Amino acid sequence: MADLAHGHEEGGGHHQVTGIDSRKLGMWVFLSSEFLFFGALINNYLLFKGRDFGPGTLYPVELYDIPFTSISSFVLLMSSLTMVLAHSALARGDQDQTKTWLFATAFLGTVFVSGQFFEFAEFILHGLKLNINPAASAFYMLTGFHGLHVVLGILMLLVLAFKSMRTGGLSEAEGLNVELVGLYWHFVDIIWIVIFVLVYLIQ
Amino acid sequence: MAGGAHHPQPRQYVMIAIVLAVLTAAEVALFYLEAGVDAIGQSLTVPALLILSALKFYLVVAMFMHLRFEKRLLSRFFTSGAILAGALYLITLAALGAVVLF
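From first to last, the protein sequence lines stand for chains U and S. The numbers in our numbering rise by one with no breaks, and the one at position 59 of the first sequence is 57. With the second sequence counted from 1, adding 12 to any position gets you our numbering.
Among the hints, a few may not be true.
For the chain S half of the interface with chain U, some residues (derived, Cβ under 10 Å), not all of them [said to hold, decoys possible]:
| id | residue |
| --- | --- |
| 1 | ALA51 |
| 2 | VAL58 |
| 3 | ALA94 |
| 4 | ALA97 |
Derived from the structure by calculation, the hints contain no laboratory data. Only a predicted model underlies this, so the values are computations on that prediction, with no experimental measurement involved. No residue lacks a Cβ here, since even glycine has one placed at the ideal position from N, Cα and C.
Just chain U, same shape as in the assembly (with noise of 0.2 Å):
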């Protein structure tokens, strides 16, 4: 009964009805559900930043620094180009090239999280606090949790990268987890598109 609806393959494939790796259907059916969460984060900052809370109050878009985060923009932009290469480099079977691009994907991530600890740093030192006004924790909770997810991210690749270095390449069947990877972190790089313009550019 179980076969009819789930089937397995040789390789550790986790192949059913629908033809798709049922780890990749899930993890394409969680994105989906991210941009959810994402967008209740979103929606609340913008239902905020607008908002009078008084005189005196510091409001986050006094604060932006656009050269900057602009370029953090384009770090992060760039990391999904060579999480990319990564991917194809292990399609092609050049382990040391995947290795490589992994490790660059999880170097431009760190400094696009730095980056945030910097803004967020520059902003707490001008008084910007997270508890000062709700448009103010409405922008950190939302840069921070997708800080949060960049981080993730970063842990995942270093996992792989790390473990194509001490077996001397990545597996096929280990090829699923890169591209399943591959995926979130291409996410996390277009819910910040979003967020560079609707938080940043659209003021």
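With chain U's structure known, arrange chain S on it following the hints.
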């Protein structure tokens, strides 16, 4: 590889990344140009920024995430999630007076 479809080659990925970088530069340029234009120009900036970001979104999803080469089922799952979230939050923002739909 998804469905046996031909994925782009590394050179094409680099070209896509260059396009993405140019689109980002255009977004930032629009942001700075907005201050120097009249009211009509400013009213066009927001739609232009949204179009540019939608283009970047599409390029990453279609080419880097390979959704263009995947089975339709995955596209349906992904786009339905995006449309559902977009519609839900747009309605919420409109109901709370944060945006004007009509």
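Evaluated hints:
1. ALA51: violated (16 Å)
2. VAL58: Interface hint status for VAL58 (chain S): holds (6 Å vs cutoff 10 Å).
3. ALA94: At about 5 Å, which falls below the 10 Å cut-off, the nearest Cβ of chain U leaves the hint on ALA94 (chain S) intact, so it holds.
4. ALA97: With a closest approach of 4 Å, the ALA97 (chain S) hint holds.
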